[in-house]
Structures are given as structure tokens and as C-alpha cells.
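Engineer: This is what each chain is made of:
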Amino acid sequence: MKYLYYPGCSLEGTALEYNLSTLAFMKAAGADLEEIDNWTCCGASAAESVSRLLSLSLSARNLALAEKMNGSREILVPCSACYLNLKKTAETVRTEPDILNKLNIILGEDDLKLTGFVRVRHLLDVVSQDIGPGVLKNLKKRSFAGFSIAPYYGCQCIRPFKVFDDPEKPVSMEPLIKAADADVHQWAMGGRCCGASNMNTKMDIGIELVTAILKGAKGADAIVTVCPMCQINLEAYQKIISKRCGEDLNITVLYLPQFLGMAAGLSGEDLRLDLNLSVTGEFRRKLKDNLQISW
Amino acid sequence: MSQQEYAGRKHETSDPLFEIRKMVNACIQCGTCTGSCPNAFGMDFTPRHLWRLVLTGQKDEIFKSRSFGLCSACYYCTLRCPRGLPLTEAMSALKQIAASEKADVFKTGLCFYGNFLESVRKHGRVWELEFMSMYFISIKNPLIPLRYTSLGLRLFSKGKLSVRPHAAGRTMSLEKLFLKTKEVEQTIR
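For the record, the sequence lines run as chains A and B.
As numbered in the working numbering, residues 1 to 295 make up the first sequence, in order.
As numbered in the working numbering, residues 1 to 189 make up the second sequence, in order.
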């Protein structure tokens, strides 16, 4: 299993542990990741809100860089927003040839050329489809029996492109959670929106969405995410929200490769559990007592 | 070219809503978008209402509304629209017009996105510390940054906010790409 790797800007900063745990887990699972040389920002939600062509050209640059790499023809993307931007651009150049021409005029300034042959894939797609629960069971060194895990998919890895999961009722994480012997927390919030950048520009609106998700997760030991934006929105405002609601809504939020990595025997240090913002004391104790994981 | 055709063309180039109207032309006003929108509770016009305003060309009303600025691109409306309309894309297109016309209602959003892109233009990758500092300065409201101070300190103490751009030591400026994109946008239709 060989993939080109596009970490994206967040994974070098606020989501550092997502990057490091993805690399550690994928290595343990036998996958080979080759980082795209000199990759740049995908435009996030910012470019799309200002100019459609800029949003496409920022992503197209990275697709063109990926085409220059000799390794795989598949790009693995852990961030859902980066995934959607790159995927959308790949789909657009396939269906709108005049856009491809425009993009190549722009990329020509940097001596780059886009053909459109690389396939863009989300980390969850690769982990659930290429690696899958069978391999995870073989890798398993620790059992999460007695843990209840809430799978949180967010939006942009499942919508609008229906690739590996049901965009209305996603389930792709469930066999992975079960492969680690954990129970899947039953809830309807898995595919709901975390508020995305509204949390930074209209906090009052974003808070409402995160409150509903945290309330839905009550009873679970942890929420597992596959996007840096979802992760920070769910973990960073728990104290404010708990105070506002008058109930304790603090809960551990982990990235999927951190959770699967622990099951595969990786250490708390390998997975950088020290960098998460919301690991509760109770969860830490349970990890230590049941699984001998500490950091 | 007949006079009618000419009028149509003129309409096409002078009316920024023209392209969006094409996207939502088949709207049957069923309200599935509104019922699916997680942010509708905070909007002055619901998404369904907004499409009606687009179709009837009520530009002033639209760009005084905070509705499109609240779209968080969850794609539920696009997924569920019984007419298969690209509604999330239409929301983005409204943001793009508001950005180019510097609409008052989109000011905070534009500060956020504008400073983000400025950081990307300079460094190739967004430098979060620089971008958030510039954003907080540009919104000129000292109370808003206060709400994020504790988060900022937590991120900083965990070494997640770099004091240097990620591209430090490498030249990854996207100046050329930004300029050429603008040029192509303005010259090639």
C-alpha cells in the first residue's frame, strides 16, 4: 500500500498530533506514505468564499505537484476540508475542460501542468476500505472492551461526494471501532456539522451546534474524529459550553488514528496524546488501569 | 444579434446574480434546504427564502442579510435538494459577490478569510499565529479576541502555534499564482 501524502497546514500546527498519529498508525498498518514535495495550502474555506477560481487554482497546484511524484497515483488526505478542496478540483477538471485550460495557464507560471490522473482519498476511506477491520484485528495488541466510542464523521469527508460511506447515515467507522473490541456509541450526531469556521467568526452560532453534539455524546468514553476542524471545535470549547448548560459536557476527543494506534500497540508518546486538548482525567485513568497506557 | 439577445447578454455581464440564478432556477420552494440547514436558526432569511430573493433579483435585500455568511458548507441541502441543485455552491457564490463588493454584513467573514489568504499568499502555507493576530487586529473589537485568549494560550503551551511560518527556510510564496489567477479571472470568460 503506497500513497502520496498531503498533510495540509493544520497538521503542521493545531493538529500536529493528527499528523504524527497518522504517520505512526499507517506505518504500523504497513502503508507507505510519501509526502508531496513543497505542497501548499488547499485554500481551505477561505478561497472558496472569495473566488472560485482561486479555490481551484490553489488545489490544482497540489494536484499538479502530486503528478510530478513518481510514487503512487493516490493522494491520502487526513483533513476533510483539504480532502474536499482537492477532490472538488479533481472532479471539476474532469467535467469542465475550459476550467482545466484556465488552471494550466495559471500553473504554467510555475512550470507546472495538471493532467488530472491522480485520485484523491480521505484517510477514513483508506483506513476503512484498504486496511479494514480484518487487518486491524490482526494488528490488535490491546483490547478496548468496556469502552464506548462515538464515531464523529463531520461533513466534508462524506458530503457532497459519496465515495466510501453513506452521506446521510455514515457507518464506515463502526467496524473499525468494533475491531478494537469497543462498543459503538449509538447516536444521530455522527454526520452533523461542527460549525466549522463559524466558531471563529460567529461564535454564538457555532456554540449551539457543538453543544448538541456534546450532549449527544453523553455516555460515551470518547468521541473519535477525522478532521482537524471538527476536532478543535469539539474539544476546545467544552468548559464554556458546560458552564453555559449547567451540566458537565467534558469528554475526551481523539483522532481516529490515535484510537486505532493504541489498539495496535503504539504508545501514548507515539500517538502524542499529550497534545489533545480534552482528555479527561477519568479516561486517562481507564486507559492506565485497563490498557496500561500512560504518557 | 437581436435586441432581445443583446439585452440578455448585457444582463449577463452587469448582474452579478445572473450565474446564481441559473443554479437555483429550478427551485420549487419546498424548503428541504431550510429544514436541513444546521445554521438556519441564526439566519434572518431562511435558505429557501434566499433562493426566492435571488430568483426575483432582490440584490439589496440579499446583501443586507447575514444568511449566506452563516453557511458552514455542510452540504446537507445539496445532498437533499429534490431538484438536485448545487445549493452550497450557490451560497459560496453569494459570499464571493459579497467579498468583491465588500458588503458590510460580510465584513467579519472577509477579515477572517482575507487575512487567511494573505498569509497563504506570502508563505504558501497558512501561518496560524500570524493569521489569527491579523484577523483580531482587523476586526477592531477587543472583546472578540478575549473569547479566544485561553484557547490561544493552551495551543501555545502545547507547541501548536509556531512562532515561525511553516515554510521557514523555503521559498513557497504564492504571489505569482494569486496574480495570475486574478488576471485569468478578469480576462478569460
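Any given hint might turn out to be false.
[To be verified] Listed below are several chain B residues computed to face chain A (Cβ distance under 10 Å; list not exhaustive):
#1 G42
#2 T46
#3 L53
#4 L55
#5 R66
#6 R80
#7 P82
#8 F112
#9 Y113
#10 N115
#11 L117
#12 K160
#13 K182
#14 E185
#15 I188
Quick caveat, the hints were computed from the structure, so don't treat them as lab data.
Just so it is clear, the structure is predicted and the values come from calculations on it, not from any experiment.
The beta-carbon is built from N, C-alpha and C at its ideal position, and this holds for glycine as well.
Engineer: For every hint, state whether the structure bears it out.
Structural biologist: Quick rundown of the hints versus the structure:
| no. | hint | result |
| --- | --- | --- |
| 1 | G42 | holds, 4 Å |
| 2 | T46 | violated, 14 Å |
| 3 | L53 | violated, 19 Å |
| 4 | L55 | violated, 21 Å |
| 5 | R66 | holds, 8 Å |
| 6 | R80 | holds, 8 Å |
| 7 | P82 | violated, 14 Å |
| 8 | F112 | holds, 5 Å |
| 9 | Y113 | holds, 4 Å |
| 10 | N115 | holds, 9 Å |
| 11 | L117 | holds, 5 Å |
| 12 | K160 | holds, 5 Å |
| 13 | K182 | holds, 8 Å |
| 14 | E185 | holds, 5 Å |
| 15 | I188 | holds, 6 Å |
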